[in-house]
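Heads up: the protein sequence lines correspond to chains U and R, in order. Residue numbering for the first sequence follows our numbering, beginning at 153 and increasing consecutively. Residue numbering for the second sequence follows our numbering, beginning at 14 and increasing consecutively.
Source of the hints: derived by calculation from the structure; they are not laboratory data. Since the structure is predicted, the reported quantities are computational estimates derived from the model, not experimental observations. Even for Gly, the Cβ is constructed at its ideal location relative to N, Cα and C. Hints may contain errors.
[Unchecked claim] Here are the simulated SDA-like pairs of lysine to any residue, each with C-alpha atoms no more than 20 Å apart in a straight line:
| hint | chain 1 | residue 1 | chain 2 | residue 2 |
| --- | --- | --- | --- | --- |
| 1 | U | Lys383 | U | Gly415 |
| 2 | R | Lys15 | U | Pro194 |
| 3 | U | Lys195 | R | Glu30 |
| 4 | U | Lys195 | R | Leu32 |
[What the hints assert, rightly or not] Under 7 Å between C-beta atoms, here's a sample of chain U residues computed to sit facing chain R:
| hint | residue |
| --- | --- |
| 5 | Val158 |
| 6 | Thr184 |
| 7 | Leu187 |
| 8 | Asn256 |
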Amino acid sequence: MNMLTVARPRSLDAISALMSDGRPLHFIAGGTDMLIAGRLRPKDGILVDLGQVAELSGISVVGQHIRIGAATTVARLAEDPVLAARLPALSQAAAECGAVQIRNRATIGGNIAEAAPAADLLPPLWVADARLEIRDHDGSRLVAIADYIASPGRLITAILLPDPDPAPKSGFAKLGSRRELTISKLNLAMLMRQEGGRIVDLRIVAGAIGPRPQRLKLAEAALGGRFLSPKALQLFAKALSDEVDTAIPTRSSRVWKRRAIVGLGYDVIAAMTGHSPRHPLFAGAA
Amino acid sequence: MKFNLTVNGRTAVVEAEPLEPLSTVLRDRLGLRGLKEGCCEGECGACTVLLDGAPVHACLTPGFQAEGRDITTIEGLGDGPGLLSGIQRAFVEVGAVQCGYCTPGMVMAAEGLLRANPDPDDAEIRHALAGNICRCTGYDSIVRAIATEAASRNRVSA
Ligand SMILES: Cc1cc2nc3c(=O)[nH]c(=O)nc-3n(C[C@H](O)[C@H](O)[C@H](O)COP(=O)(O)OP(=O)(O)OC[C@H]3O[C@@H](n4cnc5c(N)ncnc54)[C@H](O)[C@@H]3O)c2cc1C
Ligand code: FES
Ligand code: FES
Numbered sequence: 153m154n155m156l157t158v159a160r161p162r163s164l165d166a167i168s169a170l171m172s173d174g175r176p177l178h179f180i181a182g183g184t185d186m187l188i189a190g191r192l193r194p195k196d197g198i199l200v201d202l203g204q205v206a207e208l209s210g211i212s213v214v215g216q217h218i219r220i221g222a223a224t225t226v227a228r229l230a231e232d233p234v235l236a237a238r239l240p241a242l243s244q245a246a247a248e249c250g251a252v253q254i255r256n257r258a259t260i261g262g263n264i265a266e267a268a269p270a271a272d273l274l275p276p277l278w279v280a281d282a283r284l285e286i287r288d289h290d291g292s293r294l295v296a297i298a299d300y301i302a303s304p305g306r307l308i309t310a311i312l313l314p315d316p317d318p319a320p321k322s323g324f325a326k327l328g329s330r331r332e333l334t335i336s337k338l339n340l341a342m343l344m345r346q347e348g349g350r351i352v353d354l355r356i357v358a359g360a361i362g363p364r365p366q367r368l369k370l371a372e373a374a375l376g377g378r379f380l381s382p383k384a385l386q387l388f389a390k391a392l393s394d395e396v397d398t399a400i401p402t403r404s405s406r407v408w409k410r411r412a413i414v415g416l417g418y419d420v421i422a423a424m425t426g427h428s429p430r431h432p433l434f435a436g437a438a
Numbered sequence: 014m015k016f017n018l019t020v021n022g023r024t025a026v027v028e029a030e031p032l033e034p035l036s037t038v039l040r041d042r043l044g045l046r047g048l049k050e051g052c053c054e055g056e057c058g059a060c061t062v063l064l065d066g067a068p069v070h071a072c073l074t075p076g077f078q079a080e081g082r083d084i085t086t087i088e089g090l091g092d093g094p095g096l097l098s099g100i101q102r103a104f105v106e107v108g109a110v111q112c113g114y115c116t117p118g119m120v121m122a123a124e125g126l127l128r129a130n131p132d133p134d135d136a137e138i139r140h141a142l143a144g145n146i147c148r149c150t151g152y153d154s155i156v157r158a159i160a161t162e163a164a165s166r167n168r169v170s171a
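Isolated chain R (complex conformation):
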């Protein structure tokens, strides 16, 4: 079937199978390889993208259902071509990236959280990341990166 997707502000025409997951559509048909497919069962969170600003698993979302909605992937976060966004810089600076496989999903889950709750405490951060698995970092540095970014956004807006 054919449908239109608006990804990171640009619209593309896609041809895909009816139940083809959005993760496969984005990676294999649109070449957006930032998001990862880890489990394809909703358990690992590596495929997290924002749909109208809210985090969802791209592996459990049929591509066609994203038609008419705003999809944001990790590629769409940067402050300009080749530039990182604040939340990405925080991950790098705090050392919250090791192998990096979970990172795009973690960053998107974090971005979704900060849009819904600009001033989360540590428990709220951990709760929001409950659907994202990291085998490397032990999570502490990830929580710190998100808290750092939240504080810096709040300084800017204050």
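Looking at chain U on its own, in the form it has when it is part of the complex:
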């Protein structure tokens, strides 16, 4: 008889052993996506609880990288001082992910594997060029987050963030109908450095304007290499709206998203550069 059994491994080696068992594996971390009422749930194979594996949990600095165990909760991310200093975009996204009950259970690995179009942790991980440590029955390897594709039996064990010195500036903003609960209807992460006031190494990624996060290269080109000025910001605003027009030309949400994304972009820049969003620099908003 086919049925679902539960395994609660205590080490990665024990998970690897399950991978050669031959039965389908279904990983469960916080369960906040898997247990939603009405969702299709696994009926046979092995339900593998990731919650007992110490190697999968916690945040550490390893050489030139920050290593985040895949089963680390979103609440832990939100309160971690190292992350807040080195990749504030990720801390901010974690702090705004659902309500406290969700943050206490939801994990970063689950957010990546579930790959919802509006998943909030993805844009910050994309701008930071995160790599994922993957393990399946063929062994383990590293993949760039933009190249990751979820697949049954493929475990994310950790997320590796480059940790350059000095840390770049970064930030995140989102919009949802009930801000704290609903998955964003639009979100945006940015990362940049400033050299003598000039914006360099700018990376911008938006969620919820397509099935996957989108790198906004037009907007990067509009602002990259420039000083912050009302003129540069106007070009940036226009580029952001153009990006939305190109990404979702036929969606009715295009009409508000092409305006809303400018507000998000300005908010993130203001936060990263220590300005108030009401600073005259931003007066020419769309």
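Place chain R with the ligands on chain U using the hints.
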């Protein structure tokens, strides 16, 4: 599957389906009907319990994952059999209970907040309740009840 749960300090053996939510296990298998199941989607907060002191949605937590952890439900808060705890008394005295459906979840979210942050301001209280929906009170009285309880705990410990 069979597993042990420690609820309000007492351990029970439970037999449940692998993905059976903790809310159903507590209500239907252990008879703890204080917590409510409103939406079963993590949106309403009526099923909030404390897991090792931190508020979680029991409807989105598989029962077996709570094995080996401390579960506190509304039944476990009282200062003795039939007695209310401080936070529950504050809800009653301030008039923060109308139909009562959201109350057990609200109280558990509030208790979780006060354990993590004994002196929250109104914004922090509202933030901590963002995952709990109330159709009746308009929330003001709930925020006041929690602020009242925080003040009285701080008086006692000062
Ligand atoms: C009310 C509510 C509000 C929410 N709000 C937000 C929000 O604001 N922003 C947001 O981004 N998300 C939100 N979510 C979605 C959800 O909480 C996140 O996607 C969460 O991070 C998922 O993690 P989990 O550990 O709970 O996943 P689980 O439910 O345990 O797993 C989800 C999927 O990922 C797979 N998986 C889990 N871990 C791994 C791993 N390490 N390797 C490979 N596969 C894995 C599982 O097999 C499963 O298919 C919300 C959900 C709810 C119910
Ligand atoms: S029943 Fe769990 S949040 Fe509504
Ligand atoms: S008192 Fe009725 S839902 Fe809150």
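Comparing the hints with the structure gives:
| no. | hint | result |
| --- | --- | --- |
| 1 | U:Lys383 / U:Gly415 | 16 Å, holds |
| 2 | R:Lys15 / U:Pro194 | 19 Å, holds |
| 3 | U:Lys195 / R:Glu30 | 11 Å, holds |
| 4 | U:Lys195 / R:Leu32 | 10 Å, holds |
| 5 | Val158 | 5 Å, holds |
| 6 | Thr184 | 5 Å, holds |
| 7 | Leu187 | 5 Å, holds |
| 8 | Asn256 | 5 Å, holds |
Every hint from the earlier list agrees with this structure, and none is contradicted.
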